[in-house]
Every structure is written in structure tokens, then in C-alpha cells.
Amino acid sequence: MTLAIKDLTHQYNAQEKPLYEHINMSFEPKTLYSIVGQSGSGKTTLLSFLAGLDTPSEGTITLDGENISKYGLTKYRNQKVAIIFQSYNLLNYMTAAQNVSSALSMTKSKHTGDKDYIYATLEKLGINRTLADKNVQQLSGGQQQRVAIARALAVDAKIVIADEPTGNLDEENTQEVIKIFQELAHEVGKTVILVTHEPNVAQAADVQISLKNRQFTIVE
Amino acid sequence: MDFIKRAGLYLRQKIGRTALITLVMSAIMIFVLAGIIIQSAAIQATNSAKNSAGTTVTLSADREKAFASMRKSQSSSSSSSSSSSNAAPAAITMPSVKIKTAEKIAALSNVAGYQYSNSASVNASGFSAVTTSSSSGGGGQGGFGGSSNSGDITISGVSTTAAETNFKSKSYKITSGRGITAADKNTNNVVIESELATSNSLKVGSTIKVKTTDDDAKTYTLNVVGIYKAKTSSSSQGGPNMSDPSNTIYTSYTFAGTVNGDTTSVTSVVYTLTDSSKEKAFTKQAKKLISSSFSLTSSSETYALLMKPMKNVQSFANKIVWIVGIAGTIILALITVLMIRERRHEIGVLMALGESKFKIVLQLFSELFAVLVLSLVIAGVAGNFVGSAVGKQLVSQQTTATQSTSTGAGFGGGGGQQSGGGGGSAPSGAGRSGQTSMTASGSQVSNLKTKISAKSMAELGGLGLGIIAIAVVAGSTPIFRLKPKKILSNE
Chain A
1 MTLAIKDLTH
11 QYNAQEKPLY
21 EHINMSFEPK
31 TLYSIVGQSG
41 SGKTTLLSFL
51 AGLDTPSEGT
61 ITLDGENISK
71 YGLTKYRNQK
81 VAIIFQSYNL
91 LNYMTAAQNV
101 SSALSMTKSK
111 HTGDKDYIYA
121 TLEKLGINRT
131 LADKNVQQLS
141 GGQQQRVAIA
151 RALAVDAKIV
161 IADEPTGNLD
171 EENTQEVIKI
181 FQELAHEVGK
191 TVILVTHEPN
201 VAQAADVQIS
211 LKNRQFTIVE
Chain B
1 MDFIKRAGLY
11 LRQKIGRTAL
21 ITLVMSAIMI
31 FVLAGIIIQS
41 AAIQATNSAK
51 NSAGTTVTLS
61 ADREKAFASM
71 RKSQSSSSSS
81 SSSSSNAAPA
91 AITMPSVKIK
101 TAEKIAALSN
111 VAGYQYSNSA
121 SVNASGFSAV
131 TTSSSSGGGG
141 QGGFGGSSNS
151 GDITISGVST
161 TAAETNFKSK
171 SYKITSGRGI
181 TAADKNTNNV
191 VIESELATSN
201 SLKVGSTIKV
211 KTTDDDAKTY
221 TLNVVGIYKA
231 KTSSSSQGGP
241 NMSDPSNTIY
251 TSYTFAGTVN
261 GDTTSVTSVV
271 YTLTDSSKEK
281 AFTKQAKKLI
291 SSSFSLTSSS
301 ETYALLMKPM
311 KNVQSFANKI
321 VWIVGIAGTI
331 ILALITVLMI
341 RERRHEIGVL
351 MALGESKFKI
361 VLQLFSELFA
371 VLVLSLVIAG
381 VAGNFVGSAV
391 GKQLVSQQTT
401 ATQSTSTGAG
411 FGGGGGQQSG
421 GGGGSAPSGA
431 GRSGQTSMTA
441 SGSQVSNLKT
451 KISAKSMAEL
461 GGLGLGIIAI
471 AVVAGSTPIF
481 RLKPKKILSN
491 E
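Top to bottom, those sequences are chains A and B.
The first sequence begins at 1 in the UniProt record's numbering and counts up one residue at a time.
The second sequence begins at 1 in the UniProt record's numbering and counts up one residue at a time.
If you are wondering where the hints come from, they were derived from the structure by calculation, not from laboratory data.
We put the CB at the ideal spot given by N, CA and C, even for glycine.
A couple of the hints might just be wrong.
What the hints assert, rightly or not - Anything over 12 Å on all C-beta distances counts as not near chain B; from chain A, calculated:
| # | residue |
| --- | --- |
| 1 | LEU53 |
| 2 | LYS124 |
| 3 | GLU183 |
Said to hold, decoys possible - Pairs of lysine-lysine, BS3-like flavour, derived with a Cα cap of 27 Å:
| # | chain 1 | residue 1 | chain 2 | residue 2 |
| --- | --- | --- | --- | --- |
| 4 | A | LYS75 | B | LYS104 |
| 5 | B | LYS280 | B | LYS104 |
| 6 | A | LYS212 | B | LYS486 |
| 7 | B | LYS449 | A | LYS75 |
| 8 | B | LYS170 | A | LYS115 |
| 9 | B | LYS104 | A | LYS108 |
| 10 | B | LYS486 | A | LYS158 |
| 11 | A | LYS108 | B | LYS357 |
| 12 | B | LYS104 | B | LYS288 |
| 13 | B | LYS280 | A | LYS134 |
| 14 | B | LYS449 | B | LYS170 |
| 15 | A | LYS115 | B | LYS359 |
| 16 | A | LYS108 | B | LYS483 |
| 17 | A | LYS6 | B | LYS280 |
| 18 | A | LYS179 | A | LYS30 |
| 19 | A | LYS75 | A | LYS6 |
| 20 | B | LYS357 | A | LYS158 |
| 21 | A | LYS17 | B | LYS486 |
| 22 | B | LYS357 | A | LYS110 |
| 23 | B | LYS359 | A | LYS110 |
| 24 | B | LYS449 | A | LYS115 |
| 25 | A | LYS158 | B | LYS203 |
| 26 | B | LYS5 | A | LYS75 |
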């Protein structure tokens, strides 16, 4: 399942310079990608296009050659992509387990209602049963981030897009999360794209992409 | 987890907010329900009063024609007389209804039953009439009620007391013995008022004597078969020239005819129709059987006046429903819109996770629907109390206004009419019963039975559904117009 950007150009308004110009890139399955760049360079905006959260000024995002806008952005987000937000974006009236369960239900995953699976997925991210049954507002920032990661990992989406997924994690947990992303890509076969400021996270990826001067370059 | 479960989790987690909106919704529902049930009760009371009373048509002498005839004869006698100042004023002759004519009319189709009314005036003999400070003991002096032929006791002759208006409306009630029935025809059986009985130590089984008021006073012995209690005050029976109601003795119409010296006629006949809608047809047919000296008066005009309070209550209740409904819709919709706007971030997250807008709307709707169900239960419990209290207050205000209007009208209409023949003045039975029926049905008007029905709850539920649907659409549409990124980045 190849995700591709074709001739992407985007500017916030006509008076400003474009954020990117005529970008072409593809993202292959079984690969972990990291995107790095200065603040304000448009990394998160790019992720939002790839995740179907927004549409660019010009150009298309395609999945296996089909324009995701034509596919239906809601359907695309529901079935094809799992998103990990920088600010977690958990549903604050639910517990950690309920957040994961909700995502499974929304995407009509084969694991819908499977409590063992839910708790196991959370356990992988260091969220034990006790924490899993707590309202997310009672969890620390790092714990909430891990719940957000678990929510994305639990669903069947072939593409995982993560915006600063380790921003609030300590070194140990960061390493755990990197390992999980690598497993997802190499063993499960997903396309994993993450934006990060952390060099060690960026370097753990199979492909590092640098966003600079309105262009994307692959870092060797 | 589907949207319903999400809705349940939200309501449980945000219990304070849920309680607040439940309170607001319940308050609105209570008043709308109160309006609906008052409206429904008023409609029911109107229909019930109409159905139970039925349409009646009264056959009696045409007073206007009688007065016109009197004025005519007065003017012709004053022109022929050389000393007009010495001429006595002409007497008003009110013709009586022949029983044979009455029976012919009764045989017409659509007549459920008929009641004769015949009146006479006699003097008590061997017992005393009840006197009040406003009563001169006779029929009054001068004016409509007064005449030198008036006695201190009024004989009200009827077919049966049960069909007589005062007894039907329960203003008068038999407290001892029985009332007058068809079997009392051609007898001297009487029913006397309790004050008259008490003041003269009379009871069921006693006999009393009365004398006619003409020069050849005849004495009749009457058998007391029943005692009744008159609930209405004397002032409601007419003007100061009318005797106290305690001095009214009920007998068979035949005895009143005997006293009047005419057993073939009665003062008036009241026909009860089986089908109100055929009243005009009946009146048309009956008019062919009577002369122009008589008139047929329908009760529907009276009922229109009596039902006016109910119509006013109905109209007011309708206004409550509309005003509270509209205001409530606006208030609830605004509150809900604001609450949904506050959940903008959550909506953005759900959209970002790939949830369809339709299911997000269904979640919001489900939450409000649960609140609506709870509010309906609360409204169902409290609505009847509020409706009953407000309804009673409304009816009380309306009834007071109508009774002051009807008492004035009744007084004018209740003046005595004089019939020819022996026995003296005979107050119009129809006029008296007309007054009493106004008062009687006034008591019907005061009984507004509010109750919650499945229909009223369904109406209320429908209104509630409409409110929450509008609120959800109005609140969520502006958010759905945005892309998820915009929603989330603005937060």
C-alpha cells in the first residue's frame, strides 16, 4: 500500500510564501520514516495532509494511485490511517482502555470488544490494568501519550502517522516506543511515518526525511 | 464501542452538566405539559358539559309579543277613554301552553324527553312562609314580581323534580323522602324546602294547607313526601321582589294547574333533544304547531355563555403551550448549541479518528435523548400538579367573571310573568330555570379535571424531540464545516 505525494504545494494564504513547492514523494510499506525540520517548516502540516486531516493548496495525496480525496477523507482516516497526535487528543470522559476500545469500534476492527487485546496493547506501552481503567485525565502526560500510541497501534490501519510521539516520554519509554514502531514496520508490514525533533528517534528510522527550504530531502 | 456507549459514558462522566440540562429541560417540559393538559381538560369539560346537558328547547309565552299586545291595548283604551289619567294600566296576559299542543310537539322526532313547568302562587295556611329582610313576604310590590295576586308561597309544578334544572345541577338536593315523580300526577304530593320545614316543624309525612290568593280562596291540603335543601342564595334567584327560595314548594304540574284553574295548560315546556345538531329542524317543525304568541328558546346560546370560561381557559392554555414551547425551544436550543460548541475539540478528535459526522450527530442526539426521557418522567410527575394548580386558578378567575355577568342577565330575565285565571302571578318557569342553569353550569365549569394522558405525553415528547434535533443540528453544523486539522489546531 504505497502512500504518495504528487506535486504538493501549500501556502496558508496568497500573501505568504508557499510552505512547500512541488513536492513528490512516496512512502512504502514495511518502512519506518522520520521527518525532521525546524519549527514552522511545515512538518505537522505535511502529516495532516498525509493523514487526510486537511487538503493542500495544490497537488494530491494518493494511496495506491488513488487520490485520497476521491476515496473520501473520513473513510480514509477510518480505514487506512491511524494517527498519533502531539497533544494526544484522547477522549477525556473515558478511561485509557475505553479510548482504545472506542477506536477499535469506530474502525470496525476485528478486535472490537476484545478486552484482552485492549489491555495487552496497553500493557505493551507500559500501561498496566490499573492505569488502563483510570480516566485519562488522571494519567500523567507521558502515560497519556502512551495511551494515544496504543490507540493507534491497536487498530488495523496500514499507515501509522505520528506527530512527536515520544515528546513526553523518558529515555526508557522512548526506546520502547521506537522498538514498537520498528516492529510495526518490519514485522507487521505497516508504513510508519513520524515527525520528531529528537535525533535518536530520527536516526532509528529506515528513511530520514529533512524538510528544509520548502523542499524534502532524504538524509543519507 | 458505538456512539450510544460513548453517549452513556459522556453523560455519566459529566454528571453535573447532565443534571443542569436535565433541570432546564424538565422545567420547560413541565410548563408545556401543564399547558397541554389544561387545554385537553378544557376541551373535555366543554364537550362533557355539552353532552351531559344536551340541547334543550323551551316552549313558553313570547314575552315581547305579550308586552307589545299590552301596549297596543293600552294606547287604544287611552284614546277611547275621556279621562286617560284615571284609566288603570292594562294587565299583561301571558298565554299558557296547552298540554295537547305540548304533547304534539313531544311526538316530533329527536325529542328525548320533556318537562312541564307550571307555576302558581298561594298563601300559607296553618304554617308560616319564610321571611327575609329583602322579601316583603309576598311576591313583592310592583314591578315584574309584584302583584296583588301574589301569595307568600310559590307553587312550582313540574313533571319530575329529577328533570328540573335546579335538581339536575345539584343546586337543590333531596335530603329527606323523595322528589316529585310522574306518579304524583293528579295528586297533592309536595316537596318542601328544608328551611320552611324546620321553621314550621314539618317533616316527611306532614300535611300542610295552602289557600289560593283570589277572593274565593280555596284551601288545598298538601302531603309532604320530600324535603329539599336549596344551596343557592336568595339573591341568585332573582331580584328583591322574588320570594325566598325556601318558600317554593314543588308539586306535580297538575296541582299548579288546579290552583290556576286551568288543568289543560302549563306555563312552559322544556324539550330535551337527542341530537343537538338537529335543533334547528326540530324548532322549525315545532313552530308550525304553535301560534305566534309562543316562542321556542334554545339553550345553546346560554351554553355559549357558560362555555365561554372554558373557551378562555382553552385559549390561555394554548397560548402557554405556544409561548413556553417557543421560548423553551429557543432557550434549550441555545444552551445545547453552546454545550456542543464546547465539545468542539472532542468532535474534532472523533472526526480525526475517522468517525463519520452522522454518528457524531447521533452520539450528541443520543445524549440529549436520554436527558429528554428523564425530563419527560420528571415532567410527567410534576406536570399534573402544576397543571391542576394553574388550571384551577384560571377557571376560578374565568368563572367569577362569567358569574358576575350572568347574575346581572339572570335578574333581568327572571322577572315574574303573570298568567290569567285564578291563582295569581306565576313566575316564568323557563326564566327561573334559565337563571339557575347559569349558576348550575357555573359549578360544572369549576370542575376542570386535569390528567396526564398518553396523548399529552406523546405531544410533549414530540416537542422535546424537535427541540433537541434543532439544537444538535444548529450546534454541530458550524463545526462540521471545518476540517479536523482546523478544529484541533484552534484548540
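Does the no-contact call for LEU53 of chain A survive, Cβ to all of chain B over 12 Å?
violated, 4 Å
Pair hint outcome, LYS108 of chain A versus LYS483 of chain B [Cα-Cα no greater than 27 Å]
Distance ~23 Å between LYS108 of chain A and LYS483 of chain B Cα, so the pair holds.
Hint check: LYS179 of chain A vs LYS30 of chain A, CA-CA at most 27 Å. Holds or violated?
holds, 14 Å
Assess, step by step, whether the Cα of LYS357 of chain B is no farther than 27 Å from the Cα of LYS110 of chain A, and give holds or violated.
holds, 22 Å
Take a quick look at whether LYS170 of chain B and LYS115 of chain A sit within 27 Å of each other, Cα to Cα.
violated, 73 Å
Need the status of pair LYS449 of chain B, LYS115 of chain A: alpha-carbon distance at most 27 Å?
Cα-Cα ~56 Å, so violated.
Is the straight-line distance between the alpha-carbon of LYS359 of chain B and that of LYS110 of chain A 27 Å or less?
Holds: LYS359 of chain B and LYS110 of chain A sit about 20 Å apart, inside 27 Å.
Sort out whether LYS203 of chain B lies within 27 Å of LYS158 of chain A, counting only the CA atoms.
violated, 104 Å
Within 27 Å, alpha carbon to alpha carbon, are LYS486 of chain B and LYS158 of chain A?
holds, 25 Å
Is LYS104 of chain B close enough to LYS288 of chain B, meaning Cα to Cα at most 27 Å?
It holds: about 11 Å lies between the C-alpha atoms, which stays within 27 Å.
Starting from LYS449 of chain B, check that the Cα of LYS75 of chain A is at most 27 Å away, please.
violated, 57 Å
Please verify whether LYS212 of chain A and LYS486 of chain B have alpha carbons no more than 27 Å apart.
Satisfied, since the Cα-Cα distance of roughly 24 Å is no more than 27 Å.
When each numbered hint is compared with the structure, violations occur for hints 1, 4, 7, 8, 9, 13, 17, 24 and 25.
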